[in-house]
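A.B. asks: Protein chains in written order, with our numbering: chain G, 1051 to 1404; chain F, 901 to 1058; chain V, 11 to 383.
Treat the hints as calculated values from the structure; they're not laboratory data. Hints are supplied without guarantee of correctness; some may be wrong.
[Stated by the list, open to error] Simulated crosslink set (DSS-like; lysine-lysine; CA at most 27 Å straight-line):
(1) G:LYS1379 <-> V:LYS363
(2) F:LYS912 <-> V:LYS197
(3) V:LYS187 <-> F:LYS930
(4) V:LYS258 <-> F:LYS930
(5) V:LYS187 <-> G:LYS1205
(6) V:LYS190 <-> F:LYS971
(7) F:LYS923 <-> F:LYS945
(8) F:LYS930 <-> V:LYS67
(9) V:LYS190 <-> F:LYS945
[Unchecked claim] Chain F residues, not near chain G, derived (Cβ > 12 Å throughout):
(10) GLU906
(11) GLU982
(12) GLU990
(13) GLU1018
Values in this document were obtained by computation on a predicted structure and should not be read as measured data. Quick reminder that beta carbons are idealized off the backbone N, C-alpha and C, glycines included.
Here is what each chain is made of, one letter per residue.
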Amino acid sequence: MHISLNSSNIIFGWLLNFMPATAVGIIEMVLIALAYLTLFAVLGLYLVLMERKVAAWFQLRIGPNRVGFQGLLQTMADALKLVSKELTGTVKADKFLYNLAPYFVIISSLMALAVFPFTKNLQAFDINIGIFFLIAISSVGVIGILLGGWSSNNKFALIGAMRSGVQTISYELSIGLSLLTMILITGSLQLSEIIEVQKNGWLILQGHIPAIIAFMIYMIAGTAETNRAPFDMAEAESELGAGFHTEYSGMKFAYFFLAEFINMFIIAAIATTVFFGGWLSPFGITESIPWLGIFWFLAKTFVLVFLMMWFRWTFPRLRIDQLLTLEWKYLLPINLVNIVIMAVIVWLNLTIQY
Amino acid sequence: MSYFSEIYNGIKTLLTGMGVTGKYFLHSRKGAITQQYPDNRDTLKMFDRFRGEVVMPHDENNEHRCTGCQKCEIACPNGTIEIIWDRAIEEETGKKKKIIDKHIYHLGMCTMCGLCIEACPTDAIKWAQNFENSVYDRTQLTRVLNKPGSKVKAGVED
Amino acid sequence: METTIVNNDFKSEEYFINMGPQHPATHGVLRLLLTIDGEIIKKVEPDLGYIHRSIEKMCERDSYQQIVHLTDRMDYLSSHINNEAVCLAVENALQLEIPERVKVIRTIIDELTRIASHTLWWGVMGMDVGALTTYFYGFRDRELINDIFEETCGARLTMNYNIPGGLMYDIHPNFVKRVKSFIAHFKTKLPEYDSLLTGNVIFQKRTKGVGILTKADAISFGASGPVGRGSGYSCDVRKHHPYSALDKVPFNEALQTEGDSFARYLVRIQEMWESMSIIEQLIDNIPEGDYNVPTNAVIKLPKGEFYQRVETARGELGVYIISTGTKNPYRLKFRSPGFSNLSLLNHIAVGGKIGDLVATMATLDLVIPDIDR
């Protein structure tokens, strides 16, 4: 395991003086896991708040503004309320799977969060197949949705879960292929190396036309992957009530809810890393101050998150067959052609670098 | 070729839609259409014809204009108004005269149709503009409109 | 209704699902019993009775003035038009001569009601297909109309402004000014509706070719209003049997021939433009005069049967009164547009997906209290 947090290395190096290496390793892992868990909770809650505020501004409303300054503590209050609520369930639910499902969803998004380089060296786990790991992990989450929908003994939930399964299986392809297009330029799956490559210009500039196409496909497929409108077939509140989490309440519902927002963050963060240079500042303007990388990373990510929110609050929902038509008749063929174009561009050295 | 033009037109319509919501997002600072209700209680003024509840105005001598003719009671479709009346002997002329004992108004049954107020020949009852009518106990919705000790204004019957 | 719950003629792949009475897409308390094969609808059975208040029976108890306010509670989105239907029926039975001023004011408020109803429908239509923002834009514009109503009539929804013989009171001095400013405002907003939803490729895919109702079916099911006109069935009561001031105003009947959900959508959008043009023609020349003609305190209709039809925002509302010469009607029947429009839901939704059913139902623009009464 590559723990590359510089500051933490000092602490752990000091700990190593009076502890065996195994114990230090365990403490290290627990502490970092706790740090990420905190980040996860705070990020999730504030993404919910951001969504509510953004939605309100799109819809000529004011949004939450009561709890805390300008409503900043609103989602904290909501979380407290959800914790204190009774956990209900249906009588004939498959209890084990029913209880397991929310953890599947939330753990998979938590694992994905671990590989992102927030700035140089601030990365919990710099795995050399980073992109592959992210794609793999993001498919695990759908198992939780399927389990939750299936085990809660509700037909609306079952329909929602099946829709989600169909949707994720299809759109995984587009996500993978559009990222693969960019991998052709970087030649590496490791996230830190992908960012290194972009020091000569973000990949969306380097790869120009095919990169822009790949980015658009990625954003569409990523929105679909997170089950958000206009692809929120799994929830589709005007059709299925609440979809797969109809029968969940309290904190178990909150897990699904938080995971949706964290997944949105993850999709945006992958796009930031792969297309927009991750923590690199535009034209290297703050290269001398490395910790500003966090700011740039989060700024770019939140712009993309905002874009996804903009989609959600503008577009109507697709129908399930149109969803599949979009994937198999439009995104996938374009994507395949796009890979070939990108390959040609990389082969002929037509990428733009500065 | 229609395949590509379809994609192009599709993306164009989507961007048009995003333009509309984006415009409102940028102008969101001044454009909120919602009201912050309990906060704006002081400035919130209903229109003067607003039908809040039926009241019976009394003047400074504690006199109202209701003669107890019961036209409002007959006009009401829901039995919202009940008038308990009595006969009293007028002192000067010695004639028997109808006076109201209680003008009872069940707000909980009222549909705010306004027929009673149209029916009233002496303008004894009228609409009030208050709208915060919720109470914890529904017996509080039954109101006696004439104040205790009040009497009909002289000359209203004529 | 034990007829539908125990259903033994399922095929093995089919299952039964209960949509409503508490479901976001049923707009109230409509219960749909769906038989579904996967996502495909095999059968839709509406189950009514959750908001039945026996309005027709209550009408037999009430005097003719009192009946009017009950009609507010039927199709609450076009309450003024419902009131007018009863008032016109009574006035025709009594052969009252209604002042021109009343006729013009009634028509203006009718058309404002229609716009208010259609803006609400537009918002909810967007919400049903998943675009939540439309709801607020629709309500923003509807709110301005409600303010006009509140200032003039005293209530926002259940206005009860019409009485047999005219209007309860005269229009508010601000009425004309407010209506004009609303029309000016709405003229800029209605094109926005088009760019946000009508033109949207996803919306078009969701509604085009979905829930197709042929002209012949529209006529045989008794469809009326935008549902009938979306199928090319010219059924506008305002055009064919003009009432109030509508015979003096030229306007076009919104007609589409496709018969799918998108056609019904376009009819309503077009109707909003037409309503605006009707209001614009009338608002500047409201004739002077009385706002009602005095009637007896107790209205007794002559013995006989009376029928009056009006065009509400949802279609043709018929009021059928049988009078025996007393102060109450012997029988009063409402022919409500929603009931006939709901009856064709099974016919047009079978074979579609669940999403299609929701989109189709949204374009039928059902108001459940109107169906159940």
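A.B. asks: Compare the structure with each hint and give your call.
C.D. replies: Here is how each hint holds up against the structure:
| no. | hint | verdict |
| --- | --- | --- |
| 1 | G:LYS1379 <-> V:LYS363 | holds, 20 Å |
| 2 | F:LYS912 <-> V:LYS197 | holds, 23 Å |
| 3 | V:LYS187 <-> F:LYS930 | holds, 24 Å |
| 4 | V:LYS258 <-> F:LYS930 | violated, 42 Å |
| 5 | V:LYS187 <-> G:LYS1205 | violated, 53 Å |
| 6 | V:LYS190 <-> F:LYS971 | violated, 39 Å |
| 7 | F:LYS923 <-> F:LYS945 | violated, 31 Å |
| 8 | F:LYS930 <-> V:LYS67 | violated, 50 Å |
| 9 | V:LYS190 <-> F:LYS945 | holds, 22 Å |
| 10 | GLU906 | violated, 9 Å |
| 11 | GLU982 | holds, 43 Å |
| 12 | GLU990 | holds, 60 Å |
| 13 | GLU1018 | holds, 38 Å |
Violation of the numbered hints given earlier is confined to hints 4, 5, 6, 7, 8 and 10; the remaining hints are satisfied by the structure.
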